[in-house]
Amino acid sequence: MMCECLVAVLVLKGTWNQMGQQYGTLARERMEDVLSYLDQKLGDDPEKKDSAARIADSLYSNCPACLKDFFDGVSLTSGLSLERLKLCNAVEYVEGVFLCSAMAVWDGYAAGKLVFGRNYDAVSYSEIDRDLVVTVFHPEGGTAAATVGYAGELYCVNGLNSRGIFVEFNNGMPSAGNEIHWDMCPATTSLFNMLFEAGCIDDVDSFFKDTRSPLSSIIGIADRNEARSYEWCYDGVRRGDGTTGDGLMVSTNHYVNAGWPFAEPEDEASWNSITRRRNLIRKAEEYKGCIDVERMKEIMSTPLEEGGPMHSLTRYQIVAVPEDLTLHIHIPSIGKWVELDMREYFD
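No gaps in the numbering here: position 173 of the sequence shown is 224 in the numbering used here, and each next residue is one more.
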């Protein structure tokens, strides 16, 4: 089933292969659009094409068997070969640099329920803004979960499950470096798997303690009661949320836990990560106790030069309320905020 609004919602049910077949039918045109974008970016450069193929194959070969079954299903109904599907799945790894800002408030900072705001910023992807989709998975006998990402991605940079666990992925390379261990399960795939297993935030904590990341990242996590920031890389994991007041979590693109051996990066080397973090903390203090969904939208949409986190690279924004299972999504180049009551899609 597909529900059309400014952001398409794709609802999949059954075995992983069956869900793949449904996805291939529903997302075919959007995947073709993403592939056209990648073809244009890669051009006729054999070195770029070879590199992209290696990355795409690595992401696929290190994913679990259930996701390979999904790819097989997509190939059956989309008319796209497995090689093309692997390339589409790798769009964020092959082309462009992504960065992000996130803030969650609860207790003394929120006007009521926990609210999580997230800006997805990227150097590229403006040509595929309309190919952002919400995909809802109902695997047989498992927890339902939804991801927000570009068509063809079978991993998680934004997600919410039916038990009220919200997750978002930030680039942490300005702190722990640019190296990616391509022989490991991708971090975004591990997060995808976690969404179907986590029933509470302590399950998430166990996941991070037991799982190593092949790249430097910062993961924002929330349930109805609290939010956490996990600074997660090949060298281990540490919490970054202890550096702000109770009821506030802020993360951008650098590690803030003092236990790391990494120096704080310069703003110029981290896409203004230091300034964006400071701006968000100031906004949280300015509106302390009064931050609801609408105020969070306002804060996350405040331009960098006006004391906020948003800039010209902001591709889309998400405001989530885990307790209500709601997602508010905004693509600045397209139009207004869209509210999705995910209970309608999870039930």
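It is worth saying that the hints were derived from the structure and are not from the lab. In this text, all values refer to a predicted model and were calculated from it rather than measured experimentally. One or more of the hints may lead you astray.
[What the hints assert, rightly or not] No more than 30 Å apart at the CA atoms, straight line, and that leaves these computed lysine-lysine pairs for DSSO-like: (1) K119 - K100; (2) K100 - K339; (3) K348 - K164; (4) K64 - K92.
message: I'd like to know which numbered hints this structure contradicts. Please list them from smallest to largest.
response: 2, 4
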